[in-house]
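Asker: For reference, the chains in residue letters:
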Amino acid sequence: MSWIRISLAAFAISAALPVHAQTVTITTAGGDYGNAMKEAMWSPAAKELGYDVREETLSDGLAALKMQVTSGAVTTDVIHLGSPEGAQAAAQSLLEPLDYKVIDPKSVPDGAKSDYCYPFDSYGTVMSWNTKTYGENPPKTWVEFWDVTKFPGRRALRANAQDSIEIALLSDGVAPADIYSVLSTPEGLERAIKRLEAIKPNVSVWWTSGAQSAQLLKDGEADLVITWNGRAETVKKDGGAADYTFKGSVIGTDCLGVPKGAPNKEAAMKLIAAMTQPARVAKLTDFIAYGPVNPAGYEGGLIPEDRLKTLATAPENAGTSVFSNADWWVKNGEAAQKAFDEMMSR
Amino acid sequence: MKSLAITIDSVRKTYGTYIALDDVSLDIKAGEFLTLLGPSGSGKTTLLMALAGFVRPDSGKLLLGDQDITRLAPNKRDIGIVFQNYALFPHMNVLANVEYPLVLRKAPRAEVRKRAFEALARVKLEDLSERNIAALSGGQRQRVALARAIVFEPRVMLMDEPLSALDKNLRETMQYEIRRLHDDLGITTIYVTHDQREALIMSDRIVVMNSGRIQQIDTPQRIYNHPSTRFVAEFMGEANIIAPGLVRRIDGVDASPEALMIRAESFHLDAKLAGRDGVALEGTLRAKAFRGENWLLTLVLDGGQEVLVCIPAALASGCAELATGQSMTAFASAAKVHAIPGART
Amino acid sequence: MADPALAADARRERRFFLSLSLPALFIVGLAAILPILWIIRQSFLTTGGEYSLGNYDKVLSSGLTWSALVTTLELSFGTLAICTLLGTPLALALASARPRVANLLMAFVMLPLWTSILVRTYGWLVLLRRDGLINAALTDSGLTAEPLPLVYNFTGTLIGMVHYMLPLFLLPVYAAMRDIDANLIRAAASMGATLGQTIRTVILPLSAGGIFSGSIIVFIYTLGFFITPAVLGGGKVNPLSTRIERTLSTFQDWGSASVLGILLLVVMALIGVMFLAARRLLTRNGAAHA
Chain A
1 MSWIRISLAA FAISAALPVH AQTVTITTAG GDYGNAMKEA MWSPAAKELG
51 YDVREETLSD GLAALKMQVT SGAVTTDVIH LGSPEGAQAA AQSLLEPLDY
101 KVIDPKSVPD GAKSDYCYPF DSYGTVMSWN TKTYGENPPK TWVEFWDVTK
151 FPGRRALRAN AQDSIEIALL SDGVAPADIY SVLSTPEGLE RAIKRLEAIK
201 PNVSVWWTSG AQSAQLLKDG EADLVITWNG RAETVKKDGG AADYTFKGSV
251 IGTDCLGVPK GAPNKEAAMK LIAAMTQPAR VAKLTDFIAY GPVNPAGYEG
301 GLIPEDRLKT LATAPENAGT SVFSNADWWV KNGEAAQKAF DEMMSR
Chain B
1 MKSLAITIDS VRKTYGTYIA LDDVSLDIKA GEFLTLLGPS GSGKTTLLMA
51 LAGFVRPDSG KLLLGDQDIT RLAPNKRDIG IVFQNYALFP HMNVLANVEY
101 PLVLRKAPRA EVRKRAFEAL ARVKLEDLSE RNIAALSGGQ RQRVALARAI
151 VFEPRVMLMD EPLSALDKNL RETMQYEIRR LHDDLGITTI YVTHDQREAL
201 IMSDRIVVMN SGRIQQIDTP QRIYNHPSTR FVAEFMGEAN IIAPGLVRRI
251 DGVDASPEAL MIRAESFHLD AKLAGRDGVA LEGTLRAKAF RGENWLLTLV
301 LDGGQEVLVC IPAALASGCA ELATGQSMTA FASAAKVHAI PGART
Chain C
1 MADPALAADA RRERRFFLSL SLPALFIVGL AAILPILWII RQSFLTTGGE
51 YSLGNYDKVL SSGLTWSALV TTLELSFGTL AICTLLGTPL ALALASARPR
101 VANLLMAFVM LPLWTSILVR TYGWLVLLRR DGLINAALTD SGLTAEPLPL
151 VYNFTGTLIG MVHYMLPLFL LPVYAAMRDI DANLIRAAAS MGATLGQTIR
201 TVILPLSAGG IFSGSIIVFI YTLGFFITPA VLGGGKVNPL STRIERTLST
251 FQDWGSASVL GILLLVVMAL IGVMFLAARR LLTRNGAAHA
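Protein chains in written order, with this note's numbering: chain A, 1 to 346; chain B, 1 to 345; chain C, 1 to 290.
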């Protein structure tokens, strides 16, 4: 048989595939998190719908989304974003409106609703510490985190204004409920930035990825790390000398959106609806400590009792938390980030 | 300028199993122009580099005057060297090259300039002082190299085949100029070449080397006319080494040694020109070649040995008519027949 | 009078050899020139899609741009300075070693080039961090009481960059030094030059071309270095490359990022011109004086 016939046969096979299965492409952040989403959420959903789901992984979803949409070469149907990025993407018309006839509108609590990016899980930005350094007496509040004489040690913060400025205001005594009203005043942002500048000499690393923050905590490179609860929990579970608290955490959500001009828009909506069924978002917590946004995910014992403690949105943990305000970030994100970068370059 | 004598005492240098210098001993007089002559691989350049300090001998001693320089660093030996490829600094112009050794010696600026121009004047290059090296001809580069080697008034000068890259006419001019420069300065000079004519023209004495050993040390005339070994005889020109038994007639020549040396140009085809005392060789003509100033004939003796016969064009009126295969006789006067001790044919 | 048939043959031959360069020209045009043109176009486009100088105004009036530029230049010149100090003697050692030894040493020097920059950068993290190998050795041996801050700062970034650039700097310098005629060095010695004088007056001037080439390579690479400052800088070392990344990933501002890219290109061109001018000046002076 000649090579020409073999390649013609290959054409016949690949041409035959779409007839049998709807193909949908999903873009996630990859790593442990992306894998957890695959195992718990989209893989079972794909089986149920009979879809052939392909995964692309990108660490920077929004930049990739913008490039795909503006260049007109959209290859992904479902994209995983942080909710502030989702809101930003919606403001820049990079997303299709969600089809709430396919997706259950009641699955999202009122405060978290979005017309463009469906919030499915939540996480807390928390204080974590090295238990070898602080033993039984770690800092308990952000005020103490900022107190370098009482709690000497190297700090690690995220090299991003997001969550950092909220935490900076908490450390300055602002009540969780007042964070965004303070930040919305002209002096509020400046106050947060000043607070960050005060701790800057004690910050040994400004991290840029979640994996990096976990590594810093695990290696003892930093004694006090502001990180995401899922990362801190993983380090602790793997036997690292680390612990964390949800006290004063900033709660954010991640969401799923459909890029403007996605090739398989309708199938994408169905996939979002199916992969965010309560049982599946509850199952996600088997792999990573990011709790469901859908209240139904906490019902009926879908999540074991002892695991609830590790979730930022569990009722007992959410009391002192600040809920990240995506709308505020869409309006003020650029100014806040610029002020943050200027503080870093000083 | 005070020149110095050089003593080379049992110097040996090996590279693995290869013997580059085999216990070489040599005395060079102050102010002498001495040439090291030999084929490539004979050890002449190795000996020169040992004197310069770039080759470390395995054993033996090198003396400059009465100073032992065997272990002295090259930059402390105060020896002027002219390299085969000139080794001029391409990033400096002519003047900077010549000034270089004086600048190293931290001489005052004005003196540096003055002496550099004096050296350039000696080689007739003072007009090209601002030229870049790349813009010079081969002969001009050679002169810059000479000027640079003499400008710091070294006690000894070493030259490593300095003319080998020049064409024939220029080479002859430079041979004359180098010798004149030596005579003007009176500086002890060791000159390396593989060109026997150059050695004959330039030297006070010639050292013929082969395989790391000195074959003969003598004046050009004695080296040419009285080679002490078969190697020297053959290296110095077209020489025939003949067993006395092959000679048809011998008058006034000592026939007892094992071999006789007769140079090709010592032969005559006319017995009268050779004189009464001498030898006659009988053979057949195998080949003939016209070389401008002379004819070269190849004779085969009865025993099968080839003999080269060189006849000056002025005396060779009949040579053009000679036919290969014809038998003929060559004559040489007794004064041109030299016995070579210990050489076998 | 030339034979027209022979002239036509000559023309055909020339055309054929010129045509050999077409595939390469095509790729260069596609892969280098088009993206640059696209970036230039982007730099004039506002988010609304109109042409204006707004992006330039925004980027060039921001203090962040200039502090990033300063960091970029500090990293590049710092890397160059250390590469020159370490690389030049190393090249000299290699060039004067016997060929077999030199080849072996060269293979060791080139070894880092065979591993990915990401792997190497994380390798440095393992070595340099607080409980890394170097700090462990230092504190265990009692040389230092506290671990030294070797990484997540400017020092660590510089170490990583020098490690990456040293072989690339070394190659042209080594090639230039190896090409120096050994007789030139002997000649200098015979005229009385010490080793130091020989290096200063002969070896360095004659390898200046290689040092310049090496320096330009260092600049071309380091001006745009991203991974090393991002991983080893601990967020505190922010050159133009990380500035571009932030502008894209946090603000999705292609216009401003394009302006930053063009700024980088201009800086590179300026440094290139500066180097060529300096080189011409130096070679001219070098020709006049020892």
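Watch out, some of these pointers could steer you wrong.
DSBU-like, lysine-lysine: derived pairs with alpha carbons at most 35 Å apart [to be verified]:
hint, chain 1, residue 1, chain 2, residue 2
1, A, 200, C, 58
2, C, 58, A, 218
3, A, 113, A, 140
4, A, 237, C, 236
5, A, 113, A, 194
6, C, 58, A, 236
7, A, 47, C, 58
8, A, 218, C, 236
9, A, 132, C, 58
10, A, 38, C, 58
11, C, 236, A, 140
12, C, 236, A, 283
13, A, 247, C, 58
14, C, 58, A, 338
15, A, 265, C, 236
16, C, 236, A, 331
17, B, 272, B, 336
18, C, 236, A, 247
19, A, 150, C, 236
20, B, 2, B, 272
By construction, these hints were calculated from the structure, which means they are not laboratory data.
For clarity, every value in this text was computed on a predicted model and none was experimentally measured.
Asker: Hint by hint, note whether the structure agrees.
Answerer: Tested hints:
1. A:200 / C:58: holds, 27 Å
2. C:58 / A:218: violated, 41 Å
3. A:113 / A:140: The given pair, whose Cα atoms are some 32 Å apart, holds under the 35 Å limit.
4. A:237 / C:236: holds, 30 Å
5. A:113 / A:194: With a Cα-Cα distance of about 33 Å, the restraint between residue 113 of chain A and residue 194 of chain A holds, given a limit of 35 Å.
6. C:58 / A:236: Distance of about 45 Å is beyond 35 Å: violated.
7. A:47 / C:58: violated, 50 Å
8. A:218 / C:236: Between residue 218 of chain A and residue 236 of chain C the Cα gap is close to 21 Å, so the pair holds against 35 Å.
9. A:132 / C:58: violated, 47 Å
10. A:38 / C:58: violated, 42 Å
11. C:236 / A:140: Within the cut-off at roughly 27 Å; holds.
12. C:236 / A:283: With Cα atoms ~39 Å apart, residue 236 of chain C and residue 283 of chain A exceed 35 Å; violated.
13. A:247 / C:58: It is violated: about 40 Å lies between the C-alpha atoms, which goes past 35 Å.
14. C:58 / A:338: Roughly 12 Å separates the two Cα atoms, so the pair holds.
15. A:265 / C:236: violated, 42 Å
16. C:236 / A:331: OK: residue 236 of chain C and residue 331 of chain A at ~27 Å, within 35 Å.
17. B:272 / B:336: holds, 15 Å
18. C:236 / A:247: holds, 28 Å
19. A:150 / C:236: The given pair, whose Cα atoms are some 25 Å apart, holds under the 35 Å limit.
20. B:2 / B:272: violated, 54 Å
Hint compliance for this structure: hints 2, 6, 7, 9, 10, 12, 13, 15 and 20 are broken, all remaining hints hold.
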